[in-house]
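*Asks:* All you need for our numbering is the position in the sequence shown, starting with 1, plus 412.
Hints listed in this document are in silico derivations from the structure and should not be mistaken for laboratory results.
Cβ atoms here follow ideal geometry from the backbone N, Cα and C, with glycine treated the same way.
It cannot be assumed that every hint is accurate.
To be verified - Below are the BS3-like pairs computed for lysine-lysine, each with C-alpha atoms no more than 27 Å apart in a straight line:
| no. | residue 1 | residue 2 |
| --- | --- | --- |
| 1 | 466 | 456 |
| 2 | 474 | 456 |
| 3 | 468 | 456 |
As the list claims (entries may be wrong) - Distance windows between CB atoms, simulated:
| no. | residue 1 | residue 2 | range |
| --- | --- | --- | --- |
| 4 | 521 | 446 | 31 to 37 Å |
| 5 | 514 | 461 | 25 to 31 Å |
| 6 | 464 | 520 | 31 to 37 Å |
| 7 | 522 | 477 | 23 to 29 Å |
| 8 | 497 | 446 | 18 to 24 Å |
| 9 | 470 | 522 | 43 to 49 Å |
| 10 | 443 | 487 | 29 to 35 Å |
| 11 | 458 | 520 | 23 to 29 Å |
| 12 | 523 | 466 | 45 to 51 Å |
| 13 | 454 | 523 | 22 to 28 Å |
| 14 | 503 | 464 | 19 to 25 Å |
| 15 | 521 | 459 | 24 to 30 Å |
| 16 | 470 | 500 | 30 to 36 Å |
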Amino acid sequence: MKLKDSLVILIGIIGLAGCSSTSSSSVASNDWEQRGYDLALQGKALVINEMVPKDKLELFRKGYSYGLATFCSQNGVDVAWNGVDYEDTCDDVNPLFTPQYAMGITEMQHMDWGSNRQQIEEFGIAEDYEYSIIYE
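Put together the whole structure using the sequences plus the hints.
*Replies:* Printed below as a string of structure tokens:
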């Protein structure tokens, strides 16, 4: 009876080990696709270097392509406001993205200047600065 229980447990462990090795190899092969996808979602340009194994290049490029389609479908203004450092990757996918992103950056710069100007005026700390405020 104990031998039977041990045998069942052993078969179960071997079965699980076989499943885990199968799933980990499939995860490893898809890992490069995910890495490409993640790179594109960060707004980064596609750079292939020696870090990507030659047999994984196709997966990496495929993931990057999917990620780029997702990234470039966003509103560029929102991406700029979220602080993403965009590297002009969307021109071929969505020609409106780059001008939207530029608009978002410009809006943020104006907001920052307006905020700083308001603080200077409210707190009377203009004398701490080496420049004067020009009122329009």
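*Asks:* So which hints don't hold here, by number, going up?
*Replies:* Numbers 7 and 16 - these are the hints that the structure violates, sorted from lowest upward.
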